[in-house]
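As given, the protein sequences belong to chains A and B, one line each in that order.
Residues in the first sequence are numbered from 374 upward in steps of one, following the working numbering.
Residues in the second sequence are numbered from 254 upward in steps of one, following the working numbering.
If you're looking for bench data, these hints aren't it; they were derived computationally from the structure.
Take these hints with a grain of salt, some might be off.
[Claimed, not checked] From the derived model, a few chain A residues whose C-beta atoms are all more than 10 Å from chain B:
(1) 409
(2) 431
(3) 528
(4) 639
[As the list claims (entries may be wrong)] Distance windows between CB atoms, simulated:
(5) B:450 / A:669: 36 to 46 Å
(6) B:291 / A:673: 55 to 65 Å
(7) A:620 / B:291: 47 to 57 Å
(8) B:508 / A:635: 52 to 62 Å
(9) A:494 / B:296: 22 to 32 Å
(10) A:521 / B:450: 26 to 36 Å
The structure presented is a predicted model; accordingly, all values stated were derived computationally and were not measured.
Each residue gets a CB set at the ideal place from its N, CA and C atoms; glycine is no exception.
If you want the building blocks of each chain, they are given just below.
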Amino acid sequence: MLGRTAGGLFWMFRYLERSENTARLIEAGFRIALTRSAAAEDEWSSIVTVTGSREAYLARQDTFSGAQVVNFLLREKQNPSSVISVIEAARNNARMVRTALTREVWEAVNETWILFRDLLARPINERDLPQVLATIRQQGALVRGALHGTMLRNDIYDFARLGTFLERADNTARILNVKYYVLLPSVSYVGTSLDNVQWETILRSVSAYRSYRWLYGGQINARSIADFLLLDLSMPRSLAFCYEKIYRNLNYLADDYGFRNNCHDQAMTIRERLAGHTIDTILDSGLHEFVEEFIRDNNQLGREIETNYRFIG
Amino acid sequence: MAEDDPPFDEMFESPERIRPPYRRYDDWIKEEDLARLRRKAEESESFFRRTGITFNVYGREEATERLIPFDIVPRVLSAREWARLARGIDQRVRAINAFLYDVYHRQEILRAGRVPAGLITGNEAFLPQMIGVSPPGGVYTHIVGVDIVRTGEDEFYVLEDNARTPSGVSYMLENRETMLHMFPELFTTNKVQNVSNYPEHLRRSLSACAPDSCPGRPVVAILTPGIHNSAYFEHSFLADQMGVDLVEGSDLKVVDGRVAMRTTRGFQPIDVLYRRVDDDFLDPLNFNPASVLGVPGVMDIYRAGNITIANAPGTGIADDKAIYSYMPEIVQFYTGEKPILGNIPTWRCGEKDALAYVLDHISELVIKEVHGSGGYGMLVGPAASKKEITAFTAKLKAKPANYIAQPTLALSTVPVLTRQGLAPRHVDLRPFVLVSPNRIDLVPGGLTRVALKKGSLVVNSSQGGGTKDTWVLEE
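In isolation and in its complexed conformation, chain A is listed as follows (with noise of 0.2 Å):
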């Protein structure tokens, strides 16, 4: 497979992920505005930080009001982490890398292209969000359907399985990044009521608020919510789980190729500490701190990924 094949696919994958994501935390930001308005322009502005375009809402808007965060996120062009930003990104990689992708995964990505962009034309207002929101939901199983459906099991699906995880793990740490402190056992926190806005935020931004419930019954608090998120192999949305399909992927990659990389050495310590930590050694020994250093190694597994496989030249 050419190099940079490999890289449009991988890119693809990613920026399929983040426009989901980007969905996830609108929606979980919706939520808390509807049901408890006083949180919600703080809720607002945290979103705005996890997608990691703080600076760029800032210097067009003062403030974080829901109509104009929701805007700025879906359908804003200057937003490189817009959705309609990051499906012409999707799109555009997978117009590269076509003749590796089945019929139905290009039509499918080119379907959720025509749709959103009409659907994203006007801006989105109160009324008709949800609909938005979950037909982009939609649209994204739509896709992995696709690809799950019909793709062959090799190295094209390796490097989409590689995009899809790492920015998953990226996305998964960057709340827990901006969230850290609520999931601090600091005196504060402790006995606070299971209504806990923040909890709940960051429980419906990765779309688990109700496995979680259903995982963990009646005993929510910040160390099970922290350990769910960070080390549940169960949860597909955590570090560990992540972490064990990009392992698993760049072996397959491995086996099929016959040698290994710097990537695949990179990929098992990530995954060793995950597995040799416990929530409570987390905790002691620093959460954020842990998941900082987390976001710069899986930043740093990606660039090795691509220097490995040649997706630049």
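Here the structure of chain A is known, so what remains is to put chain B in place on it, guided by the hints.
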């Protein structure tokens, strides 16, 4: 070709009489409901958009990807009509390859005085870097798209020989797929010759042109300028259908005397490069130094005989519009036969008498830039306003050698589906020819382009033209 006669309609001999190739189609469409057909036509559009069969239009900010409108009425040719066209095209393509070999070697045709030497050596399409180079298998034009126009029952003319990087074959294939999908019943009653094996033919034909040094199965790749190129869809479509890699200049590098592509496992040498970038951008070391689309040093590898470039660099000299007017002589010179397909009478404006004639008759003529293509920079006299003519006259007088002029042909018409029903529109035809050593393959069909505007003669997609499926019937 008198101007006042109505143009030749390929379906209707008269409002009541249907020409033989269209009879079965006519039986069918008479029973169809206009509303249903209109609905089908709309369906086809959404099909094309979903599949991403689009082309990019230069110079527009928004909506840079556009669909080429597809008309659902097929253009039908009988086996007999096709057989004659095929013979004529075969002859012409043989002559073009012989001509190219000659102008880059002994230049016998110039010595014989049949083509003026200045037209070749002073031509920017002539590449001095190709002098004395013999391409693998002796093939210059691996793929040719010969543009044919028709003016009567047996009157076919060659309008242009596209010998550089002709595009449009993906539309030929997708148009057929669309028709098969939408109107399967038509293919039961009409015996239409198959075109869908074109990609296999292309791969086989290109592989047959691999350098002699190539052991085993040749590695073929398509070189594209990238996703922003107007024909990008076609590049990726062909790569996909042939099962070969679609590479960009940045993927390629000269490694150990071979042109190789950067893969996830290392560099892999390429034997045949089907390039869809122009000569000028092919190699920044040998041609345009600013090019980022090409491969530095590819020409040196080519000259050493270690890669096949399709089409060969420098083939543009054969489809230059000034050379075009010499094609009858060229065919005769190399094949010893009379040309089977006619040329359109052409005035070379660089010649004094011709220029005087053209200026006198400008409102009746079509005037084209010698190096232009895509319908840009041309004047269709009868359709032009006084202002346009005045402006064009100034350009023409300033650089007469840059232009040729041709009579406005009454191009044949084929019906298209409009809101009111069938209505005649002018068409042309681009069949695709594959050349390999000792062999010329012509897929029975081609791309029919149609001027969708009533009365218009400009069929180029960049100028609002559409396309049709082209049927060649079995005997």
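Status of each hint after checking the structure:
no., hint, verdict
1, 409, "holds (41 Å)"
2, 431, "holds (28 Å)"
3, 528, "violated (7 Å)"
4, 639, "holds (17 Å)"
5, B:450 / A:669: 36 to 46 Å, "violated (54 Å)"
6, B:291 / A:673: 55 to 65 Å, "holds (58 Å)"
7, A:620 / B:291: 47 to 57 Å, "holds (56 Å)"
8, B:508 / A:635: 52 to 62 Å, "violated (22 Å)"
9, A:494 / B:296: 22 to 32 Å, "holds (24 Å)"
10, A:521 / B:450: 26 to 36 Å, "holds (32 Å)"
This entry does not satisfy hints 3, 5 and 8, going by the numbered hints stated previously.
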